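**Q** The primary structure of each chain is shown beneath.
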Amino acid sequence: MSRHDELGDFTDFVMGYQGKMVRLAELLTGDRGRAEDLAQDGFAKAYAVWDRIRDGDPAAYVRRCIINANTDWWRRRVRYEQPSPQVPEVFGHVDLVAASAARDLVLRALAKLTSRERAVLALRFYLDLSELQIARELGISPGTVKSATSRALTKLRADAELRSEVTS
Amino acid sequence: MNTPQPSRACPVDLDYPDPQPPNLDMAAIIGRGRRIRHRRRLTQLGAALAAFVAVGSVVVGGRGFTIRMFPSQSGPAAAPSAAPIDAQVAEDPPANGQLTLISSWPGHWTTVAWVTRRAEVCWATFRTPSQGATQNVECPAWPRSDVPGSGGIAFSALVPDVALAASEFGTAWPVLGLTSPQAVRVVLTAFGKDITANVVPVPITAGKTVGVFLAWIRAPGHSFSSTDVTSEVAYDQSGHVIAHVNNPP
Chain V
1 MSRHDELGDF TDFVMGYQGK MVRLAELLTG DRGRAEDLAQ DGFAKAYAVW DRIRDGDPAA
61 YVRRCIINAN TDWWRRRVRY EQPSPQVPEV FGHVDLVAAS AARDLVLRAL AKLTSRERAV
121 LALRFYLDLS ELQIARELGI SPGTVKSATS RALTKLRADA ELRSEVTS
Chain U
1001 MNTPQPSRAC PVDLDYPDPQ PPNLDMAAII GRGRRIRHRR RLTQLGAALA AFVAVGSVVV
1061 GGRGFTIRMF PSQSGPAAAP SAAPIDAQVA EDPPANGQLT LISSWPGHWT TVAWVTRRAE
1121 VCWATFRTPS QGATQNVECP AWPRSDVPGS GGIAFSALVP DVALAASEFG TAWPVLGLTS
1181 PQAVRVVLTA FGKDITANVV PVPITAGKTV GVFLAWIRAP GHSFSSTDVT SEVAYDQSGH
1241 VIAHVNNPP
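From first to last, the protein sequence lines stand for chains V and U. Counting in this note's numbering, the first sequence runs from 1 upward without gaps. Counting in this note's numbering, the second sequence runs from 1001 upward without gaps.
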């Protein structure tokens, strides 16, 4: 395969998955800038081994990079963060104020959980992975996935701010 | 505003509308991917040479290896065994059977670290149940490749992690880091102020240790990021600088 084909395939892959990966990282970190750093780094690692993973499940590879890197983000941020010359486009069909408020509410609620609980919730309820898949992704037992999910849901249901929002 | 609707059993909607589209830099991704490829080729070559040289020491180091799972908490650095994190620690137990106390400040908080059998460094911080139990565990926090050896004299993982974003101290943020075991203290500079942290030796195996430190950094606002720390310096027992990293703002 030519380098041009490889680049084209990879670019399509990034365009198709960047939204999902940035959201996953945002749910894990609670910080949009850091989420974009992690996603960008995950895609870069995927490009480094693109020949090997392209016919498999490259999205799973990036996902795993993001999860693993979440605990070790500091150096990447210092070394690799670069301002982008592109100004983000605005989604015309989204109520920006409402969307920001909804996002902030979710991220504030998730910030009260442990990192493992956040990861389990994001993989289960955002990416729809099974408990077994989550266990493999996080390197923990399915029982731990189950208990972490249960603990996280209990905390969220008891979250006074969330409850008052839902009630109002 | 849009109230988050329950998504299946989850009380919050994680698929909320995105107020801003992702803004990834494709050129940076490709450039970094190419650098990783290049470095990996060099590393593979180096690893082959190193493995050839290291075979003898691995054989010697393998003799008399024992694992104890929290049986004794000898020394002043041992943490209580009845920690609320035991269940999570059990998944990645310390290679030497011990958790090492990194800090018991502020009151009711305990922070411990340990090295797993895979030579990864983990840490956990938790508050006593009487104060409303809560915990945060990162394991592994640093992979084996980031752990400095006993002969190393440089930071390996710099200032790698931030925990407990919602601190009861308002704007104080805990920062954990790894450094050479020869270091006894580390000075971080953030917001124009120096913060000193003692370095605690955490056992790896066979008498080797890695230095772990915890610093609390007080941020003027309600946010804190890596770029707020502009310098990290590690000192040895004699007060000599053995590692110095600048992170220009």
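It is worth saying that the hints were derived from the structure and are not from the lab. You may find that some hints are simply not true.
Okay, the calculated bits of chain V under chain U, using three or more residues with CB under 8 Å as the criterion [as the list claims (entries may be wrong)]: (1) 33-44; (2) 51-61; (3) 140-151.
Only a predicted model underlies this, so the values are computations on that prediction, with no experimental measurement involved. A virtual CB, placed ideally from N, CA and C, is assigned to each residue, including glycine.
**Q** Looking back at the hints listed earlier, which ones does the structure fail to meet?
**A** Hint 2 alone not satisfied by this model.
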